[in-house]
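**Student:** Guided by the hints, dock chain X onto chain U, whose structure is given.
Number of protein chains: 2
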Amino acid sequence: MRIVVDAMGTDNCPAPDVEGALLAARDFGDPVILVGDEALIKAELAKHATAGLPVEVVHAAQVVTMEDKPATVGKAKPESSMHVGMNLVKSGQADAFVSMGNTGAALSIALLNTLGRIRGVKRPALTGILPFGQTGQTVLLDVGANADCRAEWLAQFALMGSLYTRLTLKIDRPRVAVLSNGEEASKGTELIHEAIELIKALPIHFSGSIEPKDVLKGGADVVISDGFVGNIFIKTLEAGTSTLTEVIREELTANLIGTLGGALARPAFRRVRKRIDPFEIGGAPLLGINGVVIIGHGRSNANAIRNGVRQARAAVSSGVIEAIRAGLAALEPKPEG
Amino acid sequence: MRIVVDAMGTDNCPAPDVEGALLAARDFGDPVILVGDEALIKAELAKHATAGLPVEVVHAAQVVTMEDKPATVGKAKPESSMHVGMNLVKSGQADAFVSMGNTGAALSIALLNTLGRIRGVKRPALTGILPFGQTGQTVLLDVGANADCRAEWLAQFALMGSLYTRLTLKIDRPRVAVLSNGEEASKGTELIHEAIELIKALPIHFSGSIEPKDVLKGGADVVISDGFVGNIFIKTLEAGTSTLTEVIREELTANLIGTLGGALARPAFRRVRKRIDPFEIGGAPLLGINGVVIIGHGRSNANAIRNGVRQARAAVSSGVIEAIRAGLAALEPKPEG
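Chains as they are written, first to last, in the numbering used here: chain U, 25 to 361; chain X, 25 to 361.
Okay, chain U solo, but in the shape it has when bound (with noise of 0.2 Å):
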């Protein structure tokens, strides 16, 4: 198995994320290729002890950044680290692609440029995968590609949701649930009372509504939202824990006492932050494109990055493209006779 790894994609690329290519390279053996600026990243490789690693380098002259607008970026550089990466799973030279850069462009250049989507999706969806729960992995989907959901989009994601949670990520019988603001079949939007109508009548493990608190407590595998309250989810909770982090911060530092009790739990502090981390995770897939595409934050470090590779690796093997492609498939309405 080959797996493209995007050279340029973390906010301080290329360091961690050709560091994290080594590791993957170390740790699982298969191939890794490097896609990017071929002078920085030989630069950077040289900083490492790579002998015997299966490391390849791929260049791209263009690099997407933060500020690229995700709808022609495709256009404007047709020689992205992403544009190229990609190209190399399309042409059948690579199985996958990991990247830490900029969400919205991936998936454009994914959808528009490269890999399009699998026969059947009327919408790829950006999924989220969040270290909470009893099994430490919550797929969240759509968190951010498509602010305005029609109802067959959101049954859709339901299914592409519940098929990766089984297949790649080893949950059996997922239970798939809907965000929303109550568990009683009464909230939500109208879109949602939609959506569940059609979701109920897929072959997946559907277990109803979910509030947020629920979600954090691990009471579904897959979770499921328009792309709009998705990521607004995703975004308060990380506004949240991160506000309330500073003000413990502020407040311990306040006086000696209180330095120095926050000098004595720093390894518990390390351990909340290591429970609470999505950087263990790594990544998460653009499902409904066709082909294996992690994307992970921008502030990733090198340890993401390697387990992005592994998602990356978890998915080409469970055959979760096919299994998606034959989903959909299945619910296509026979022809008559």
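Take the hints with a grain of salt, since some may be wrong.
Where chains are identical, the list cannot tell them apart; a pair therefore holds if satisfied intra-copy or between any two copies.
Restricting the straight-line Cα-Cα distance to at most 20 Å, the calculated cross-link-like pairs of lysine to aspartate or glutamate (EDC-like) are [as the list claims (entries may be wrong)]: (1) LYS241 - GLU274; (2) LYS66 - GLU91; (3) LYS66 - GLU221; (4) LYS146 - GLU43; (5) LYS241 - GLU270; (6) LYS224 - GLU346; (7) LYS93 - GLU208.
The hints are simulated quantities; they were obtained by calculation from the structure and are not laboratory data. Being a predicted model, the structure only gives us computed values, none of them experimental.
**Tutor:** Same frame as chain U, but now just chain X:
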């Protein structure tokens, strides 16, 4: 000024409710009317030194619980403390109503059975007040009354929220923003784009779209959303901070050093709690109802109820109901000639 306090509101009623009403009567000097089960209230009052305090009791034979269906509770329980209390305001025997009970029920009883809406208001909104930010008071609406909203309703929320924040909370020229998944005009839903066009035409200080993280930094004084998104926002915030708090507690108590560090840090944690404590605010208004109604959390303590009365007093003094009525009337198309 006479404020009615629902004695049957909190989860532990009537103890915190009665104690909070007494604190308010003592601190503010004006009469407080406790409404609810007279025998229970009097038994509770007997535990306190009430001599000289301007506290009255009005009996209400029924109690709204969290299990009551908001839409039908007004008809099902016409003698509830909410019903009786709001009718005291409607008849002019009191100036405002404060309750820590079922929010949906309070809205429904206010709207359908007692006070009704301010002339011109399409839909009343639930508000929430966040303790974050520079002023420590960010007003959010709608946080749950209307899951499916029209752009015109959001624009009214913006006007009502701006007036409340300026007149009652005394924030000069409040910055009104729309909660979105990014600051750029291209972000957000169709509903948001339509609403923004209407809000721009209002005589308020519209500051654009705002992301969750900037809401928590105090980047706006009034934050507008539909009731579904607003509810997901506050519930996610609450779930995120309480999950993090729980994880910290678990890790701090996992060993002796952590426990010691935690003990030393206890005053700091207490200050953290106070900084993010919604009970310091006490409650938030049902905006658009034709009378001052302040609703707080069922877990409220006596101090929260006292602060809810303070909010109610500020709302009455500020004349915000009349200001909303006048503000909406000014937007009506003028008759020809």
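**Student:** Against each hint, give a clear statement of whether it holds in the structure.
**Tutor:** Verification of the supplied hints:
1. LYS241 - GLU274: between (28 Å within a copy, 15 Å between copies)
2. LYS66 - GLU91: neither (26 Å within a copy, 65 Å between copies)
3. LYS66 - GLU221: neither (54 Å within a copy, 51 Å between copies)
4. LYS146 - GLU43: Neither. Shortest intra-copy (37 Å) and inter-copy (58 Å) distances fail the 20 Å Cα cut-off.
5. LYS241 - GLU270: Cα proximity of LYS241 and GLU270: across copies only (11 Å, versus 23 Å in one copy).
6. LYS224 - GLU346: neither (23 Å within a copy, 48 Å between copies)
7. LYS93 - GLU208: For LYS93 and GLU208, only the inter-copy Cα distance (11 Å) is at most 20 Å; the intra-copy one is 40 Å.
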